[in-house]
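One line per chain: the protein sequences are D and W, in this order. When the letters of the first sequence are read in order and numbered with the working numbering, they come out as residues 1 to 199. When the letters of the second sequence are read in order and numbered with the working numbering, they come out as residues 1001 to 1176.
Check the hints yourself; a few may be wrong.
[As the list claims (entries may be wrong)] Distance condition first, Cα-Cα at most 20 Å in a straight line; then the derived EDC-like pairs of lysine to aspartate or glutamate:
1) W:K1148 to W:D1097
2) W:K1148 to D:D94
3) D:K104 to W:D1140
4) D:K104 to W:D1097
5) D:K105 to W:D1097
6) D:K195 to D:D137
7) D:K147 to W:D1154
8) D:K171 to D:D94
9) D:K147 to W:D1097
Because the hints were derived from the structure by calculation, they are not lab data.
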Amino acid sequence: MANTAEMPAVAGGLSKTGSTGIIGAAEMPEGYGGEGFFATSVSKVVGLARANSIWPLPFATSCCGIEFMATMGSNYDLARFGMERLSFSPRQADLLMVMGTIAKKMGPILKQVYIQMAEPKWVIAVGACASSGGIFDTYSVLQGIDKIIPVDVYVPGCPPRPEQIIDGIMKIQELVKNEPLRRRNSPEYQHLLDKYNIE
Amino acid sequence: MTITNDTLLAAIERQFPGTVQSHGESYGMLTLETTREQIIEVLRFMQESPELEVNFLTSLCGMHYPADAGRELGVVYHLHSFRHNLRFRIKVFFPSDDPYCPTATVLWPAANWMERQEYDFFGIQFTGHPDLRRILNVDDLDVFPMRKEYRLEDGTRTDKDDRFFGRKGHVGQEFD
Chain D
1 MANTAEMPAV AGGLSKTGST GIIGAAEMPE GYGGEGFFAT SVSKVVGLAR ANSIWPLPFA
61 TSCCGIEFMA TMGSNYDLAR FGMERLSFSP RQADLLMVMG TIAKKMGPIL KQVYIQMAEP
121 KWVIAVGACA SSGGIFDTYS VLQGIDKIIP VDVYVPGCPP RPEQIIDGIM KIQELVKNEP
181 LRRRNSPEYQ HLLDKYNIE
Chain W
1001 MTITNDTLLA AIERQFPGTV QSHGESYGML TLETTREQII EVLRFMQESP ELEVNFLTSL
1061 CGMHYPADAG RELGVVYHLH SFRHNLRFRI KVFFPSDDPY CPTATVLWPA ANWMERQEYD
1121 FFGIQFTGHP DLRRILNVDD LDVFPMRKEY RLEDGTRTDK DDRFFGRKGH VGQEFD
């Protein structure tokens, strides 16, 4: 019985880590395998699958939305991270990407969109305005979306370059990959939602 | 015959002697002032007069000058005559403890949202407006943000150090 270190290379000349060659493959999780089987833990496999096929909801309000459009374009392609399918319906999305200034009038709408998303869901705040209000320290702008919804990753910048947005996405992927399966049912998570008066 | 600033002023003064004052021309644009009791009549005359044909209300905006006692709040109407290519403005002033002004929606429907914005930001009540409610701010806001006494910055910000914004009045203060 062979362990992961002695598994043969994936067909086509690509190594299993993808470090050589043009196309990379996702790294195999730790496990015990052999002829026709591979044993690992469910959370690792589910984490791997989720991390490499996140369906984002681009909540693009202003300039950071334009940077996101550049990131989705062919030069800085986000589709290679598995985010080929954008969803503007919160029911079918995993990652809420808030990109741009959120006014206080928009706050309840953003909260409603977040509530409509199904668990597990993650939130990335792209740009200074979504993180903390940005340069708009004024009566009408929400000083950071973490005043109304829980945020996982903040990408500062005004606007952040596509490379920085991709860095934030990769951090989200790390969070997704390592998340315990029962985290969303835990009392700590419920306490987090209670702090924001969600459900 | 094209109307100029002078002929416009002469026509207004012929029709409304004494109640419309001119504040001169800044950058070629005539500025008039009148009272809120007269303003709708003045606007109607200018709109309906075949000689002046002022058919377009470009904008109306509120003003707040807290230093002028009795004339704190005001509304300025920017008007434009297509035929004569003439732009000018008319101002009305009234005290802030009596913030009422007649609505211009009876003459131009475009004034509807503009007056809602001025109610939202200055608290100017337009009498006769069909639907006077806030338009840009949240509906339950209880202050009028563009008045001078209202601070621009949001009150919920916790990370801003006043020293960096010169609020304590010290320039070149040492930071610990």
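So, going through the hints one by one against the coordinates:
no.	hint	in the structure
1	W:K1148 to W:D1097	holds (15 Å)
2	W:K1148 to D:D94	violated (45 Å)
3	D:K104 to W:D1140	holds (11 Å)
4	D:K104 to W:D1097	violated (29 Å)
5	D:K105 to W:D1097	violated (28 Å)
6	D:K195 to D:D137	violated (24 Å)
7	D:K147 to W:D1154	holds (13 Å)
8	D:K171 to D:D94	holds (15 Å)
9	D:K147 to W:D1097	violated (36 Å)
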